[in-house]
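Construct the complete structure from the given sequences, taking the supplied hints into account.
In this text, residue positions in the sequence shown follow our numbering: the first is 500, and each later residue adds one.
If you are wondering where the hints come from, they were derived from the structure by calculation, not from laboratory data. Any given hint might turn out to be false.
What the hints assert, rightly or not - Listed below are the simulated DSS-like cross-link pairs for lysine-lysine, each with C-alpha atoms no more than 30 Å apart in a straight line:
(1) Lys821 - Lys854
(2) Lys557 - Lys584
(3) Lys766 - Lys821
(4) Lys617 - Lys587
(5) Lys626 - Lys572
(6) Lys572 - Lys557
(7) Lys561 - Lys587
(8) Lys575 - Lys617
(9) Lys569 - Lys617
(10) Lys617 - Lys595
(11) Lys584 - Lys626
(12) Lys760 - Lys725
(13) Lys595 - Lys557
(14) Lys774 - Lys760
(15) Lys575 - Lys595
(16) Lys557 - Lys617
(17) Lys699 - Lys744
(18) Lys774 - Lys854
(19) Lys843 - Lys854
(20) Lys699 - Lys760
(21) Lys626 - Lys569
(22) Lys617 - Lys699
(23) Lys766 - Lys617
(24) Lys774 - Lys744
(25) Lys821 - Lys843
(26) Lys584 - Lys595
(27) Lys796 - Lys760
(28) Lys760 - Lys561
(29) Lys843 - Lys796
(30) Lys796 - Lys744
(31) Lys584 - Lys569
(32) Lys584 - Lys572
(33) Lys774 - Lys699
Stated by the list, open to error - Have a look at the derived ranges for each label pair, beta carbon to beta carbon:
(34) Thr741 - Lys595: 51 to 59 Å
(35) Gly832 - Asn714: 40 to 48 Å
(36) Asp805 - Gly591: 50 to 58 Å
(37) His519 - Lys744: 29 to 37 Å
(38) Cys599 - Lys744: 55 to 63 Å
(39) Ser615 - Trp721: 24 to 32 Å
(40) His519 - Gln850: 52 to 60 Å
Since this is a predicted model, take the numbers as computed values, not measurements. Ideal Cβ placement from N, Cα and C applies to all residues, glycine included.
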Amino acid sequence: MVSTKYSNAGRQQVFSLTEHQINALIRVNDDAASLIAAFCVLAESTDASGIYATAGAKAIRKRLRVGLPKADKLLKQLESGGLIKDPKNTTGNIRKNMPCREGRATVRWVLPPDDSRKVWIASSFVKGFGSWQSPLHTLRQAGTDAARILMTLYLYEDMPTYGGIDPTTAIYRDYETEAIYTQQTMPWLFHTSQGTESVKMAFCSDRLDIHENANGEIHEFWRAFKKLVDRGFIYECLTVFTGVKINDDMCLLYPLHTFNKHGHPPKGEESLSGKMNRVADTFGLSASDSTGRFYGKFSFIADDDDVQAVGIYRLRFRNTNKAFDDVLHGWQGIQDSHRHWSEKADQWIQQIRDKQKMADSGC
Numbered sequence: 500m501v502s503t504k505y506s507n508a509g510r511q512q513v514f515s516l517t518e519h520q521i522n523a524l525i526r527v528n529d530d531a532a533s534l535i536a537a538f539c540v541l542a543e544s545t546d547a548s549g550i551y552a553t554a555g556a557k558a559i560r561k562r563l564r565v566g567l568p569k570a571d572k573l574l575k576q577l578e579s580g581g582l583i584k585d586p587k588n589t590t591g592n593i594r595k596n597m598p599c600r601e602g603r604a605t606v607r608w609v610l611p612p613d614d615s616r617k618v619w620i621a622s623s624f625v626k627g628f629g630s631w632q633s634p635l636h637t638l639r640q641a642g643t644d645a646a647r648i649l650m651t652l653y654l655y656e657d658m659p660t661y662g663g664i665d666p667t668t669a670i671y672r673d674y675e676t677e678a679i680y681t682q683q684t685m686p687w688l689f690h691t692s693q694g695t696e697s698v699k700m701a702f703c704s705d706r707l708d709i710h711e712n713a714n715g716e717i718h719e720f721w722r723a724f725k726k727l728v729d730r731g732f733i734y735e736c737l738t739v740f741t742g743v744k745i746n747d748d749m750c751l752l753y754p755l756h757t758f759n760k761h762g763h764p765p766k767g768e769e770s771l772s773g774k775m776n777r778v779a780d781t782f783g784l785s786a787s788d789s790t791g792r793f794y795g796k797f798s799f800i801a802d803d804d805d806v807q808a809v810g811i812y813r814l815r816f817r818n819t820n821k822a823f824d825d826v827l828h829g830w831q832g833i834q835d836s837h838r839h840w841s842e843k844a845d846q847w848i849q850q851i852r853d854k855q856k857m858a859d860s861g862c
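Structural data, given as structure tokens:
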């Protein structure tokens, strides 16, 4: 099975692409954004087998907001590239097991299976959610490079380990961290300031065929990446890790602050930055202004100085269906760490206040 839809009552609906399919879709092509979007429409329409797609040109026209001639052209390109097949041209078990249905449930295209890794995506990427009804149309407007980058990032997602996209092999934001207070029985207190975005060149050159210019710059990559952030496909989560370098030894401690240009952070991703800043404020070391706003500078606590703050990027339309063990355990781990450090901050705030009261009373 190649692109299985997975849904449970009350849980997010998801579908999958394979690494082989994604690698084919992200090849340099002037129509890459439209081909990616069209293929996702088909993949999202598959039944439990993940092979038999009920969507066709009309569904592509609706989701991508293109005319039927364009939709037909995209299907022909996907077919010539071997990513889809006309049901009439299938053989063997694929032909034998094909559902015999009529109307909307008619099998219009077959997605040939392969043995590469499955990558799960939220069905809302195709269907939309809330007031965002046409994400695929938005993605096409962002352009070819943006669509190729987004699809590639799905190959580098590792929520259990990093809380988002793997910073050791793909992309992250640097933060400058400084210890500003330490005392026995009290936490180490840090200020961290937002730095620049960094991307691994192998990610750009090997995966995307985007290369540095003569000055060592990759403007086309950053322009496309910014479009993904501005349009809400990707967002940053400032996260505290052990270690002082971006490498395989770093271990996630807790998410500190979720940046979101499109309303409140997703449920379960509420920020700890306000509470951490209250710890700093008890020492008169707040990182916010007089109105409580942060401007790229945050406070956080840890048990020792072997820590770093890193901007981790998260995919908006990622798999959050807890029927998947890795999703369930990864999300539980992040929630547990959030709860642990929130409680720890409360305890330290109370300890500091108790000490201040004792000092004020002369005890």
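Please check whether Ser615 and Trp721 have a Cβ separation lying inside 24 to 32 Å.
Since Ser615 and Trp721 have Cβ atoms about 29 Å apart, the given range 24 to 32 Å holds.
For the pair supplied as a hint, Lys557 and Lys617, is the alpha-carbon distance within the 30 Å limit?
27 Å, holds
Proposed proximity, Lys725 with Lys760 (alpha carbon, max 30 Å):
12 Å, holds
Satisfaction of hint between Lys561 and Lys760, Cα-Cα up to 30 Å
Judged against 30 Å, a Cα distance of about 27 Å means the pair holds.
Can you confirm whether the C-alpha distance between Lys569 and Lys617 stays at or below 30 Å?
28 Å, holds
With the threshold set at 30 Å, check whether the alpha-carbon distance from Lys575 to Lys617 stays at or below it.
24 Å, holds
Given the range 55 to 63 Å, decide if the beta-carbon distance of Cys599 to Lys744 lies inside it.
58 Å, holds
Below or equal to 30 Å on CA atoms is what counts here, so check Lys584 against Lys626.
23 Å, holds
Holds or violated: Lys617 and Lys595, Cα atoms, limit 30 Å.
24 Å, holds
Mind checking the alpha carbons of Lys766 and Lys617 for me, to see if they're no more than 30 Å apart?
Status holds; Cα separation ~26 Å.
Could you say whether the range 40 to 48 Å given as a hint is met by the Cβ separation of Gly832 and Asn714?
42 Å, holds
Straight-line alpha-carbon gap Lys766 to Lys821, limit 30 Å
14 Å, holds
The earlier numbered hints that this structure contradicts are 1 and 33.
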